[in-house]
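A.B. asks: Starting from the structure of chain F, add chain A where the hints point.
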Amino acid sequence: MQWWKKFPWRRLLALVLVIAVALVVAVNQVRGETMYVKVDSSSPDAVIQSSTDFFDAEPLGKLAMNDEVELLDKKDGEYVLIRAKIGDKEVEGWVKSLVLSKEPMRVESRVSESAGSKNSAQASKGLNAAIEKEMREGSPEMNTALKRIDDYEASRNKLMGGDAKDPDASVQNQHVRDFATNGKLK
Amino acid sequence: MQKNKRNVWAARLMLATIVFAVSGCALFEKVKATVSALEDSKVADNYEPSEQYYIGRGVSAVIVDKYPPVEVKDQTSEKQITYINEMACFIEAASKRVTRSAVKLGDYTSRSYDEQQHVYNLVLFKGIQVGLLQTDDVTAFATPGGFLWISMGAVNMCENEDELAAIIAHELAHIILDHGMANYRTAYKGEIFSSTLSETWFSGDGLGANFGRLVTTFAEDAFKGYNPEQEFEADNWGTRAMAESGYAPDAMVKMLQRVEAYEKAHDVDPEDYLAHHPPIGDRIKAVQDLIKKENLKGNPNTMTPEGVTARNTRFAETFK
Chain F
1 MQWWKKFPWR RLLALVLVIA VALVVAVNQV RGETMYVKVD SSSPDAVIQS
51 STDFFDAEPL GKLAMNDEVE LLDKKDGEYV LIRAKIGDKE VEGWVKSLVL
101 SKEPMRVESR VSESAGSKNS AQASKGLNAA IEKEMREGSP EMNTALKRID
151 DYEASRNKLM GGDAKDPDAS VQNQHVRDFA TNGKLK
Chain A
1 MQKNKRNVWA ARLMLATIVF AVSGCALFEK VKATVSALED SKVADNYEPS
51 EQYYIGRGVS AVIVDKYPPV EVKDQTSEKQ ITYINEMACF IEAASKRVTR
101 SAVKLGDYTS RSYDEQQHVY NLVLFKGIQV GLLQTDDVTA FATPGGFLWI
151 SMGAVNMCEN EDELAAIIAH ELAHIILDHG MANYRTAYKG EIFSSTLSET
201 WFSGDGLGAN FGRLVTTFAE DAFKGYNPEQ EFEADNWGTR AMAESGYAPD
251 AMVKMLQRVE AYEKAHDVDP EDYLAHHPPI GDRIKAVQDL IKKENLKGNP
301 NTMTPEGVTA RNTRFAETFK
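Read top to bottom, the protein sequences are chains F and A.
The first sequence: position 38 = 38 (the working numbering), numbered continuously.
The second sequence: position 14 = 14 (the working numbering), numbered continuously.
Chain F with its partners taken away, still in its complex shape (with noise of 0.2 Å):
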């Protein structure tokens, strides 16, 4: 009888099917589910943490809205562990799994400007600084205003994250570190 007829067929088949189900599971763990950044990088739960101690937490680098991550199998609280690309190098750490979502925020208006509603879900939705600039526009009291506004977030950010436009959220944690352990409050 030729070999090739007694060859276990059916078993190679079996064994090479259970290997390739464990490679799509292995791969599937290592490649985890992709997830986009909420919040701003200046606010505090941008920074990619060592640990899940606010407090003790070394900052490993900074995420910006829409930024990509991809949720790795960890979590510890309401801290998960993820993996981001940080310039040109991969970091893997821990933020809040409030900040992250499954689809990117729509940073353009949701709504056509003849929709002119006087619903005010449609008069905020896809709110932006586009929006932002069409009421200051239409009132010198409202942009005025807005202008001191503009002026207290940009002395804010310069003190607390030492950047008037691009406030470096690492900084502002540092402060808030400082000022417990100062204050004997940690």
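Treat the hints as calculated values from the structure; they're not laboratory data.
A hint or two may mislead.
As the list claims (entries may be wrong) - Below 20 Å or equal to it, Euclidean Cα-Cα: the simulated PhoX-like pairs (lysine-lysine) are:
id, chain 1, residue 1, chain 2, residue 2
1, A, Lys96, F, Lys186
2, A, Lys297, F, Lys184
3, A, Lys96, F, Lys96
4, F, Lys186, A, Lys297
5, A, Lys79, F, Lys184
6, F, Lys165, A, Lys66
Predicted, not measured: the structure shown is a model, and the values here were computed from it.
C.D. replies: This is chain A only, laid out in the frame that chain F set:
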């Protein structure tokens, strides 16, 4: 004859097609309008963090139009703004474990399942941002999106850091418990209610004007304070947050007693001054009951004489 019959049927078929198309279009338009309305209500219910931040900016603009903010112009103001922001961010970070459940916070508010989910899922786009207002009035405001405003009158009313922390913790509670957006969702139901200010500042239609009407009305409501249930809930969460952060929980009672004394001394018009707030005596009693019931004594590791001195010294150096 045969040809005529065929023509009649062709005409009937054409008519039926037209009727079907017209009614189909009408039905389609109706379905489209319903879907659009549903989308609107869904959007109104689900503002993204960045959208709440822009609402907060607009409401804050109206607040600083009434009370000018303390500008950073010298070392003193730098120190004050830094200190107050550090304190608020610290209390927020330290009080993560404090419950956000309406039932556990005294059951003051009848929050629906959906509203409770909004609270559990709340995320701030840029975190907490605190500003000081140049007025001797004793007042404070919290807006959606993480903005918190405290008057110099309120700061000067406090005798020590723990009392100031009580004001911050109370205002922070309004943000953390999503009170501003909850009012908008449940009370306004997506409608714009015109206020005097909104009519003075904005005319015409369009998104910008309508958004302006929304935030000005929102702000005018904020001047009257949150509703009584929300105030009790904020006192409850704030007192727990004080204990969790290492501050003395009974500083919340002392702070409220100072507000009570201020109200009496200044003969404030309740229609004008925080008209929605419940009687202050009721709030003091509710906090005292909470401290007793939950045995909130404060952390012995932070309530040491050295700790208290360190905090009170830096408070005095910053504000007195």
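A.B. asks: A separate judgement is required for each hint: does it hold in the structure or not?
C.D. replies: Cross-check of the supplied hints:
no.	hint	in the structure
1	A:Lys96 x F:Lys186	holds, 15 Å
2	A:Lys297 x F:Lys184	holds, 17 Å
3	A:Lys96 x F:Lys96	holds, 11 Å
4	F:Lys186 x A:Lys297	holds, 17 Å
5	A:Lys79 x F:Lys184	holds, 19 Å
6	F:Lys165 x A:Lys66	violated, 26 Å
In terms of the numbered hints stated before, the structure departs from hint 6 and from no other.
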